Structure formats: C-alpha cells, structure tokens
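Residue numbers (the working numbering), protein chains in the order written: chain L, 336 to 647; chain Y, 336 to 647.
Don't read these hints as lab results, they were simulated from the structure.
Just so you know, these numbers come straight off a predicted model, no measurement behind them.
Heads up, some of the hints might be wrong.
[Stated by the list, open to error] Beyond 12 Å from chain L on every Cβ pair, some chain Y residues (computed):
{"no.": "1", "residue": "Asp368"}
{"no.": "2", "residue": "Leu566"}
{"no.": "3", "residue": "Val629"}
{"no.": "4", "residue": "Leu633"}
[Claimed, not checked] Which chain Y residues face chain L? A few, computed with CB under 10 Å, are given here:
{"no.": "5", "residue": "Gln383"}
{"no.": "6", "residue": "Val385"}
{"no.": "7", "residue": "Met458"}
{"no.": "8", "residue": "Cys470"}
{"no.": "9", "residue": "Pro512"}
{"no.": "10", "residue": "Leu525"}
{"no.": "11", "residue": "Glu528"}
{"no.": "12", "residue": "Met540"}
{"no.": "13", "residue": "Val543"}
{"no.": "14", "residue": "Ser567"}
{"no.": "15", "residue": "Ala570"}
{"no.": "16", "residue": "Ala574"}
{"no.": "17", "residue": "Thr610"}
Idealized CB from N, CA, C, for every residue including glycine.
Number of protein chains: 2
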Amino acid sequence: MARILILGGGLIGCGWAAAFAGSGHDVAVMDPDHSAAERLSETWHEAQPVMAALGTLREATVAPRYIGDIEGSASFDLVQEALPEDLPLKHRALAALEAWIAPETPIASSSSGFTPEMIAQGMTHPDRLFIAHPCNPPYLMPTVELVGQPGSPDAILNQAETLYASMGKTVLRMAKPMRGHLVNRLQFALWREAVHLVASGAASMADVERAVSEGLAPRWCLMGPGGVFHLSGGAAGMAGYLASLGPATTEMWGDLGTPDLTTAHTALISGMGETDPRPTKALAQARDLALPQVMRALGPIRTHYRQQGERE
Amino acid sequence: MARILILGGGLIGCGWAAAFAGSGHDVAVMDPDHSAAERLSETWHEAQPVMAALGTLREATVAPRYIGDIEGSASFDLVQEALPEDLPLKHRALAALEAWIAPETPIASSSSGFTPEMIAQGMTHPDRLFIAHPCNPPYLMPTVELVGQPGSPDAILNQAETLYASMGKTVLRMAKPMRGHLVNRLQFALWREAVHLVASGAASMADVERAVSEGLAPRWCLMGPGGVFHLSGGAAGMAGYLASLGPATTEMWGDLGTPDLTTAHTALISGMGETDPRPTKALAQARDLALPQVMRALGPIRTHYRQQGERE
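Could you put the whole structure together from the sequences, leaning on the hints where they help?
See below:
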C-alpha cells in the first residue's frame, strides 16, 4: 500500500484519488478549497462500481481523505499533481509542497499542456518531477502517459511505471514530451479529418461517427494502425506495405483536409446533438456504464488473440 | 432472395460473393480467369464460420457459383463490380455487360480510387452506376460506403441501401465522392500522426499501438470523435466544446505532423514485426477469429448504451 498525496481536488485530482484508493492505496487529496471534500466523496462513490465492473477494485480499500493543508508529519511515496493548467499556480504549489515532503519523494504532474521542464522550473529538487498524464476519468480510462525531463533518473520513471501498472493501467512511455502526448494527438488527427469530411459536405456527422464506431474501432481494439498496415503488406508485413503502398499513402496524406473551426463549418458540426438527442449528462452516464463493459468483454478476446498462432 | 452478379473473382469479388450468398442471395461470380472458381470456393468455405460467429449467416444458403461468361438468359437484381482498379478494364467490362443485362439493372462499383462518373463514362445507361465500397473482407467488415453520381436517381441508392442493410451492413452514404471515402480517409489521418510520433522519436510503435487500442478504440466503439467532443462540452455539448476548446483544437491541429515515408523514418516503422513476431498469416487468422468476437460482444453493450437514459 503506497501513500499517495494528490495535489488539487478538481475533476482530475478526485478521479486520480478514486483510482489510487480503489487499487488499495492510502490517499490524501490536498486542496485549499473545502468544496473539494464533497467532490471527492461523490467521485469515490461513482468510481467504485465502475472499477468493480472493470475488475480493478481491490477488496480492501480505504476511502480517499480530504485535507486542507499538509501537516508536518506528512510522508508520501508519490505526489500526483492535478492542479489547473496554470503554470505560476503550479510553481507556487510545488514550492510550498517541497518545504514539507522528503527531497526524494517523486512528483508526477498530470499536465497535458506543459513539458516537465516547464513545471519543474524553480523547484529545489527538480529531477524528481515527471509527467504522468491520465485520460479522464482516471479510474475508468486505462492509459497513463509517462514522460520525464531530459536526464530524468530512470529509477523514478521505472518505479512510477510499476505502480501505475499494478493498478491495471496501460503505461505509455514517451522518450520526449510532445504537446498533447500520444492519445490526444492521435485523437485530434482523426477528429480533424472527421470535421473536414462534414465541413466539405461529403457526409453527415452521423455517418462519420459510424465510420469510426463500426468501420475502424472494433479492429483497433485488437491492433493499432501499425498492425493494420503491417497486415496489409502480406507476408512481408510493414516492409511490404511501405514498398507497395507507400506512394499511395503519401498521396492520400496530401489529400487530407485542414479545416478551421471559425467559420460556418461549426454549424454543421454543432448538429451533433441531433444525432443523439439525450442530454450530455445522460450520455456520459450511459458511456460510463457501457465503457467498462466494452473493456471487460475485450479482455479474454485480446488474450486469445495474442496467443493464437503462437503454438503453430 | 436477390439475384446478384459479381463482376470479377478476385479477393474483393469473392469476399462480396460470400457476403451475399451467406445472406441468402443467389450469387454468380463472373471472371474470364477460371482460377477464380477455386478462390471462390475457398472464400465461401472461410467466410461461413466468420458469418456464423457474427450472426449474419442465414440458415438456408446456396454456395455462390462461378461462371466464365454471361449466358443469354442472365437476369439480375444487382451487379456488384469488383474488378481491379484499372479504368479502361472497367470500361470494357461494363460495355460488354450492358449488352446482356436489362437497362434498369443497378450496377454497384466497389472502387475506392475512382469517382462513379469516371466509371460510368461511356456506358449506355450510366445513371444506374454508383459506388458501394466495402471494407475487406466484405463478409466480415460491416461498413459499405455508398455514393452516387451528381443527379443519380435516389431510388437506385435507396434500394441498394435497403439490400446492404438487410445483410447486416452499416451503410455510410456520402453526398459526394472523395478519394478513399470515409473509413480510409479517417484511418489515414490517424496513421499519419502515428508515423509522425514514431518518426520524431517521441514514442515506440508499440506504445503508439497501445495508445490506440487501449486509450481510444474502446470508447470509439460506442461513439465517434464527434460524440467524444460533444461530451467534452458539458451541458452545452458540441457548441460548448467549440466555444471553450475551439482555439485549443486549432492550435493542436497546427501542431500535428506531416511525415514522409521516403526517408529513414521507414526503418522505425518497419520495426513493427518485432512488436508481434507472429507471421502475418497467423496474425491475420487470429484477427479474423477475434474480430467477429469483438463485434458480437459489442452488440448488446451498444444496444443498452443507446437505450440508457431514454426513459429518464
């Protein structure tokens, strides 16, 4: 059982707290705003059935606790910073934190917009800071994107990777920081073409949605785009694909759209609500019920998929 | 039971034949190359268990039959053209076909590279030609991308949509042709950023693959990218997202990569085989076993997801 301090009791901080506590860790959430206490309690309440459905909820758990400030006796195995994306605010909070915690305590930032160097700037012990970016909500989504500073000690990142992996997380380790990390960059690339297709009048948003949900996503649950093109190359795999379809790929890439979001296009995209008339709150609830079911159903199928053919 | 003529007994033609025959239709595959007969028989053999696993195999089916040419008495409800992507070849084959079939018989082309106008050029009754592009293999993948010529009679497209939908297909109807249609354009957009992330040294191909399979695909099985951003806008939905995150989206889009495939990048991408050392044939077999399981598991989860909250 690790002792975790979450810095910031917002949406991400409370989500992280539930993820850690549900995995059997001892969690304190620090936020000067006392309203975080209620949010924390609500999130913990919502997260437990989700984690149970995922199979990531431990039997013995202790509810995460809210604290208004760090007492002198505080000792932690990991600090997970989950403050708003406001660099001076992060700097102030980390300076105050360093006065209390041991100099070797690792600090993971949940930031998606800043590099770890930017966040570590001005710290007394900057080497311990790295980024561990969750997808939202952290108790449901499996990926954690891990990236250190140039020259970050491997030991700190390895230790963090082990901890997140023990919580059932898929740790994606980046060799260098890039804005948006991996998941969001890939998501925004697909989203740009989706907007282009709708904005150029080629298809309705509903049909673009179905192209992704029906045509692409089920296969991507088994393999990423690399695997798809690897298989399209026949016996030679990716090298075969590059040799035979490389030029066609370059041509297709050149034809992809670069829409903007500042014109009448937005009217077409805003029609989204008509595709599914449920209020977004009901949609989000339905998603949070269904997504663990998808992930749970995928488990044994993926295991079988990965083992198929190994014995041949 | 519709009478279907498939023009061309290659990979796609035989796959289409199995999809139509498995759905209970009467199917003839025409190819002057007699080796197509064996391919057709093998494909029909492979397709039946896949369709059974998907739940799309009818109880009473008749094996698709190979024909070397069209006899005088031929009468069909639909011709599905599945010839190589060679425009003069398509033109010659369609001219020969029109001499035999009734002038009102609809003709669907499986082309992904040509517009329906280009294919219909020179036909005696060009209005009946439209594109119905499957994903490969057509008996497994659910999407069919449907696009007519400017001024194509709606009745022809509607009738085709009804037929494909009755086979369990997800028909994506495009208002105008675009190179690659929807599914491939979206796929290539994500693939471009995946290559960029690997080529720029930010992450391994294996981690990019997992970002898609673990981080993105399970949610995309429930909703497309539009749904994701619609929910990120809170109660205001897509309009809320556009108002609050529109500028950040534009900034992120501007930061996406435009890699090429002609440099040393390809060495990094070619490492794909190391991610999964199985031969591509074994991988493809494992995929064809697993993908129907994914799609079958998604069925009831999606139905429940779509109905959740409707009663609230």
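So, going through the hints one by one against the coordinates:
At roughly 20 Å from the closest C-beta of chain L, the C-beta of Asp368 of chain Y stays outside 12 Å, upholding its exclusion from the interface. The claim that Leu566 of chain Y lies off the interface is violated: its Cβ sits roughly 5 Å from the closest Cβ of chain L, which falls inside the 12 Å cut-off. Separation of Val629 of chain Y from chain L is inadequate, the least Cβ-Cβ distance of about 5 Å not exceeding the 12 Å criterion. Once the 12 Å rule is applied to beta carbons, Leu633 of chain Y is inconsistent with being away from chain L; the minimum gap is 7 Å.
Here the hint on Gln383 of chain Y is broken, as its CB sits about 19 Å from the closest CB of chain L, past 10 Å. A distance limit of 10 Å between C-beta atoms decides the matter here; for Val385 of chain Y the minimum to chain L is near 13 Å, and the interface restraint is violated. For the restraint placing Met458 of chain Y at the interface with chain L, the shortest Cβ-Cβ distance is roughly 24 Å, beyond the 10 Å limit, so the hint is violated. Nearest Cβ of chain L to the Cβ of Cys470 of chain Y: about 6 Å, under the 10 Å cut. The hint holds.
At its closest, the beta carbon of Pro512 of chain Y sits 8 Å from a beta carbon of chain L; the interface hint therefore holds under the 10 Å criterion. Of the supplied interface hints, the one on Leu525 of chain Y holds, with its beta-carbon coming within about 4 Å of a beta-carbon of chain L, less than 10 Å. With its C-beta approaching chain L no nearer than about 4 Å, Glu528 of chain Y sits inside the 10 Å limit, and its interface hint holds. Checking Met540 of chain Y against chain L: minimum C-beta separation of about 5 Å stays under 10 Å; hint holds.
A distance limit of 10 Å between C-beta atoms decides the matter here; for Val543 of chain Y the minimum to chain L is near 6 Å, and the interface restraint holds. Because the beta carbon of Ser567 of chain Y sits about 9 Å from the nearest beta carbon in chain L, less than 10 Å, this interface hint is met. Taken as an interface hint, Ala570 of chain Y checks out: its beta carbon lies about 6 Å from the nearest beta carbon of chain L, inside 10 Å. A least Cβ separation of about 5 Å between Ala574 of chain Y and chain L falls short of the 10 Å threshold, and the interface hint therefore holds.
Here the hint on Thr610 of chain Y is kept, as its CB sits about 7 Å from the closest CB of chain L, short of 10 Å.
In the structure shown, a violation is registered for the earlier hints numbered 2, 3, 4, 5, 6 and 7, in ascending order.
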